[in-house]
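2 protein chains.
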Amino acid sequence: MKMRVIVTLKPGVLDPQGEAVRHALGSLGFEGVNKVRQGKMIELDLAETDPVRAEEQARAMCEKLLANTVIESYALEPLEG
Amino acid sequence: MKMRVIVTLKPGVLDPQGEAVRHALGSLGFEGVNKVRQGKMIELDLAETDPVRAEEQARAMCEKLLANTVIESYALEPLEG
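Line by line, the protein sequences give chains A and B.
For the first sequence, the working numbering puts the final residue at 165, and the numbers step up evenly by one.
For the second sequence, the working numbering puts the final residue at 165, and the numbers step up evenly by one.
No false leads were mixed into what you were given.
The list cannot tell twin chains apart, which means a pair is met if one copy fits it or any two copies do.
In the EDC-like style, the derived pairs of lysine to aspartate or glutamate whose C-alpha atoms are separated by at most 16 Å in a straight line are: (1) K119 with E132; (2) K94 with E127; (3) K86 with E127; (4) K124 with D99; (5) K124 with E156; (6) K94 with E147; (7) K86 with E164.
The hints are simulated quantities; they were obtained by calculation from the structure and are not laboratory data.
Construct the complete structure from the given sequences, taking the supplied hints into account.
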């Protein structure tokens with residue numbers, strides 16, 4: 085089954101990439117953009133078909149590789165199909 | 085209101101970053117990972133409070149800046165709060 089992992093910087097951690105996007109949007113004439121935060125999206129296609137076990141696997145992958153848990157948090161979302 | 089933008093490479097476009105993650109997961113002993121695709125997540129905090137207009141704004145931002153629509157597709161998701 086497919087799992088989607090969203091990795092974001094923890095609140096309070098400076099996000100220069102998001103800030104650059106916000107600035108660029110302003111330069112392009114987009115107004116009313118209060119804040120931009122940028123993160124990563126990783127889509128995992130796992131052989132495991134049981135949703136609970138697939139989530140366990142994905143969580144272990146996040147802890148070991150996908151997220152730097154000192155400054156980043158992650159969220160797991162099962163995807164259909 | 086907040087909008088979440090997910091930018092992914094279109095199907096068929098080579099994703100070396102995802103492939104590198106898949107390989108690294110294999111090296112760490114994770115089995116049963118068929119495929120990994122990596123994309124971007126951008127969280128926009130917009131002053132606009134109307135959901136329809138906020139989505140219109142976010143779509144325009146994607147077309148102009150956030151996504152390279154030749155090779156990338158994007159999805160918009162309203163966020164609570």
